[in-house]
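Going line by line, the protein sequences match chains A and B. If you're matching positions, the first sequence starts at 3 in my numbering and goes up one per residue. If you're matching positions, the second sequence starts at 3 in my numbering and goes up one per residue.
There may be inaccurate statements among the hints.
[As the list claims (entries may be wrong)] A short, non-exhaustive set of chain B residues, derived as facing chain A with CB atoms under 7 angstroms:
hint, residue
1, A24
2, V26
3, L27
4, T28
5, I56
6, V61
7, S63
8, T91
9, G134
10, F159
11, T161
[Unchecked claim] Derived CB-CB ranges, DEER-like:
hint, chain 1, residue 1, chain 2, residue 2, range
12, A, M3, B, G84, 44 to 50 angstroms
13, A, S167, B, E152, 41 to 47 angstroms
14, A, E104, B, T138, 32 to 38 angstroms
15, A, D44, B, E109, 52 to 58 angstroms
[What the hints assert, rightly or not] Taking lysine-lysine pairs in the DSBU-like style, the calculated list, with each CA pair at most 30 angstroms apart, reads:
hint, chain 1, residue 1, chain 2, residue 2
16, B, K22, A, K71
17, B, K32, A, K127
18, A, K22, B, K22
19, B, K46, B, K11
20, B, K22, B, K32
21, A, K14, A, K98
22, B, K22, A, K14
23, B, K14, A, K98
24, B, K98, B, K176
25, A, K11, A, K22
26, A, K176, A, K46
27, A, K32, B, K98
28, A, K22, B, K14
29, B, K22, A, K32
30, A, K176, A, K11
It is worth saying that the hints were derived from the structure and are not from the lab. Using N, Cα and C, we set each Cβ at its ideal position, and we do this for glycine too.
Residue strings, one per chain:
Protein chains: 2
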Amino acid sequence: MLNRQEYQKAVKDALSYFEKAAIVLTEEEKSKIEVADFGLNDIKQTGLQLVTYINTDRVCSKEMVLFPKQTCPEHRHPQRGGTPGKEETFRCRRGKVYLYVEGDRTENPHCRPPVGSEKYYTAWKEIELNPGEQYTLYPNTLHWFQAGEEGAVISEFSTNSEDSSDIFTDDRIKRAPEVL
Amino acid sequence: MLNRQEYQKAVKDALSYFEKAAIVLTEEEKSKIEVADFGLNDIKQTGLQLVTYINTDRVCSKEMVLFPKQTCPEHRHPQRGGTPGKEETFRCRRGKVYLYVEGDRTENPHCRPPVGSEKYYTAWKEIELNPGEQYTLYPNTLHWFQAGEEGAVISEFSTNSEDSSDIFTDDRIKRAPEVL
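Using the sequences plus the hints, can you model the full thing?
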């Protein structure tokens, strides 16, 4: 779990990324920046900063920040009850993000998994997203993503988001937001 | 219908608005900017410029430009077959937009309908959206919106979008994209 100082630094840095991307947030949104360390307590390698604009039964939209070389770990969005799993489009707004999905393995990928977590990364089809570029993931597709050297700001457009149903390859992961 | 010159000017101006809002588009997206004049041939008063990022069966996301005092005319999104109508969240990114929805009439609203079309505007509950502010419209809610004096850039996060099912209060309107 993050301590207060780590959380506050991540929030401050994330706000700076949003500002550089000219993304305007309300004061309320700024006060609700979510910092996820996925229970691994290693946010420099594995973590995600985000603000959720809207999350209804049908539609969700978020704005996310990855710091340089920070990784959102491999997971998928399974069917929930009779509803298909989450469908999501990632659109890079600033910086660069490498997205890895199930499929043909990319030779010489740009990224390496977080040190010590290598065995939990199995999807190796690489998609490079630069500002203005996007990719749509359909339900239940294994995926993970890592920012380039300058970090990244990424918009997500999706169906309803319910983190508790996500299935991570790394069974040590607990997806609980850190808001201290 | 717009002539080529009007269409090209609207696209050029819309691209300038996106650039000022630091919204990065691919060359392909720039070449597919949609200019809607709603068949009224009066784009200065009634029109909308937009780019659609994604529109699947479940999720849609668009980026829209309204020029100063330009109006997107009153309409609603009805149920389609067994599916509820379109749900949409408008988020102001730059400038100012006044959104009018069904409900208690706002005294002294900031906007007037396009001249000559007054009778087709019946929703008068005003919501002012400045950068970072947003509003969610649930299905079948009558609504229209008009930019302030400096125009507006607005993100839309929604369920599937199918313009042909929209019901406009103004029965002269034909919602066909103008891409000349």
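Review point. Failing hints, ascending?
Key: No numbers; nothing is violated.
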